[in-house]
Each structure stands twice: as C-alpha cells, then as structure tokens.
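Start from the sequences, fold in the hints, and give me the full structure.
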Amino acid sequence: MMLIDNKKGWISWFNPIKYGMDRWLFALHRLTGIFIGLYLIAHIFETSNILKGPLTWNNLMVFLDWPFGVHLGPYILSILLLAVVFHGFNGLRLTIVENGLMLTKPYRPDYPYEPKSLKGWNLGLKILTAILMIVIGIIGIVYIFTGVLL
Amino acid sequence: MTVQVILKGFGEVVKEVTFRVRRYDPEKDNTPKYSEYKVPVKKGMTVLDGILYIKEHIDPSLSARYSCRMGICGSCAMIINGKERLACQTQILELNKDLIKVDPLGNYNLIKDLVPDLSKLFNNHKSVKPYIIRNDNPPTAEYLQKPEEREKYAMFTECILCGACLSACPTMAADDLYLGPQALAQAYRYIADSRDMGFEERLNVLDSKHGVWRCHFAGACSEVCPKGVDPALAIQLLRGVLMKNSFFGYKQVPAPVGKERPTVVEGLKVLEEKIKESEKK
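First to last, the protein sequences are chains A and B. Residues in the first sequence are numbered consecutively from 1, following our numbering. Residues in the second sequence are numbered consecutively from 1, following our numbering.
In case anyone wonders, no lab produced these hints; they're calculated from the structure. Virtual Cβ for every residue (Gly too), placed ideally from N, Cα, C. One or more of the hints may lead you astray.
Here are some of the chain A residues that sit facing chain B, going by a computed Cβ distance under 8 Å [stated by the list, open to error]:
no.	residue
1	Leu3
2	Thr95
3	Asn99
4	Leu101
So the derived label-pair ranges between C-beta atoms look like this [unchecked claim]:
no.	chain 1	residue 1	chain 2	residue 2	range
5	A	Gly120	B	Glu94	50 to 60 Å
6	A	Ile41	B	Lys126	35 to 45 Å
7	A	Met102	B	Arg150	16 to 26 Å
8	B	Ile275	A	Pro112	44 to 54 Å
9	B	Leu161	A	Leu128	52 to 62 Å
10	B	Lys97	A	Gly137	29 to 39 Å
11	B	Lys259	A	Leu128	50 to 60 Å
12	B	Leu161	A	Ile79	36 to 46 Å
Here are the simulated lysine to aspartate or glutamate pairs, DMTMM-like style, with alpha carbons at most 25 Å apart [stated by the list, open to error]:
no.	chain 1	residue 1	chain 2	residue 2
13	A	Lys18	B	Asp98
14	A	Lys8	B	Asp29
15	A	Lys126	A	Glu114
Structure, rendered in structure tokens:
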C-alpha cells in the first residue's frame, strides 16, 4: 500500500485560526520564545562590542536607536518588553496548570461539549496574564519613550 | 391508521454549495490536489451526506471512511473548513458557508483521498496498555468500585478513537513519536481507575522523551473532540500524578474483590483446564 506523509509540520504551530484561545496563546508563546531567544543572541553580540572601545560602542548605540536613519529603537524595545512580559507570565500560568493544579476535576461531558479544562481558574489566570501584560506594558512603554517611571 | 409526521422544509433543496475536496489517488497522483463539486443542500444534510452525494452522482472514485452515520463509530473524522470534525455530525447549513473545504485528518499517513492511515493512533493506544492491570490472583467476582471513584475517569471512557485530537495537536505536527492526546488520556483513564494496579508498568512509556511532557497544553485536542472527552485535562492530571510520583511516590490502592461468585469460579476452572490442554497440545 502506497502511503504519503500528511504531517502538518512545525509551520502549523503558527496557524491557530479556527481554534480557541489556548491554541492562540500556544502560537504566541512559541513566537515570543523564538523572538526572545534571537534577541538574547543579538544582545550578547551587541554588549561584546564594548571591548572594541567607546567610539565603536557609541556608534553601535546610535545605530541601534536609529537603524538605517529611522528612530525604531524604542519601538523594538517596546515589542521586546511586551514579548518578555507575555512569555514570562504565560509561562508561569503554564507551569501551574501543566502540573494538574488549579484545573477542574473530571466531569461528565454535556452537549455542546465545552472543555472545562480551558475555563475556570485557568481562564482566570489567562485574564490575570492579560491584565499584568497591559499594566506592565503601559508602564514600560511610557518609560522607554519618555524616561518617566509611572 | 397511520400517522404522518411532516417536518417543515425537510427534504427541500435550500441552496447549492461547492465542496472543495482534497483528492489523492496513490495509483495516479504524486501529490494531493483539490477538486470542486457542486452539491444541492437539503435541510438536515450533513457533510458526510454531501460526500456520499458526490460519490453517487458526480465522481464514484472519491473515497471516504464512514460507518455508523450517527457520531458513534468515529470513522468519518476529517478536517472540514479548517477544523477537525465528524462529517456525519456536521450540518452543512450550520457551517453557513457556500464553500465547504474538506481535507483528510492531518498528522497521519494518507491512504487515499479522505482516508487516513490510523495505525499511529492504534499503536500509541496499545502502547499505554489500555486495560485493567492487576498483580494479584484472577478475580473470583467483580472488583468493587464506588460511584465517586468511577467519576474520576468516567469522562475519558467516552473516547471513540476517531483520531481528531491527534490531527489538531500542534506537538503531533512536529513529533512523529509523540504518544498523542488520545493515548495519554486513556493512560490516565486506567491509572485513575481504582481497580487498576498498572501505574508502574505504564510509567516508562509515559515518562519518556515523547511521552506526557511533550504536551504544551494548546487545548486544541479538547476543542475538537466530538464527544467532549477533554484529553488536555487528562494529560495535565496525568502530569500531576507523575510529579507526585517523583517527589512523594504514587501508590495505587487496589479495589477489593466482591463476594465470591460460583459461576465465576467455575468459569475460571474451565478456563484453566483449557489452557492446560492447549499447553499439552
């Protein structure tokens, strides 16, 4: 019998369309994880430039704040801040629920079959993550753009 | 006197929809391709009815797997408009679209058209030993279980092995060896069963590189389950059990055996004799 592989592949991680909130959070968690990982590598490369003297360092700082003559630095930092806050708090939520804590007990499924594992305390933690992300995001972004700590 | 029940509008053609079906014939095609068919839709018509209409009236070479047509057997799971569903339980009019895109379940090998090879699902299911394991003597009566003990696993017994959860699972999309939500939910179903003593026997499969820790709780398996089994819940509870086992040890207390029943004892004797006879032969 001739079979062909019909695996969706890793690219499908980033296609949560048609699925619910947790599938979107999964995609976003992966995306922010990759972004933060790449940032960390770039950050090590960036800070290593201090060994090349103050001129190189200052030139690099200006370039990162104004890449290709456009003032993108604060925007990139803001995206990074939001990614770190989301990844961190969502990671804490996952650490709790992925160990079977704060989840519902097994129940009898009733039509129209809404999975309760994604609701209840788990939903509460998701809402808390969103609130923290918004609050820390506002404080952080205001600080990045103005230097004022709210 | 016969009583005739007339359902208003039932059987009338309401509209025409286009079915875009993914086709693959292993004898002709190298890669799958999409074919479109116009299907007249009547009230109450399911996607499976639409596929059978195509097969009967337009293209008899179209292949799909189905059996009970009432959401019991789980044979007709497929991806309908981007989401895993049972074709026999999905009303075309409820989709509220003029284009119905039908794909075979993902993350499996494909045999033909809409027929996936479910060997992976069944092999993974077998690997977690989905049966009661006891290390004491064969029972002379039923194992006793309280109703509240049954509630701990009752929902996970509803699984019909349709395979929709494996198709929706993002981990399964990248890891061929992952056990998958169905097998892990069934492992929890037996571990949570007060009659079972097989936790240690299942541990090496569950606590492995491609076992329970691979789940990332995307919840897609629970969302697409046509029987509301909530495999994601079972997996997280199973992780809780494994964590408890790592730190404090996890011991299963065997359910007691009920009052001895002569018919069961006699049956066991007959069975033992037959085993001995077959061993002699």
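Violated hints - listed by number, lowest first: 2, 5 and 9
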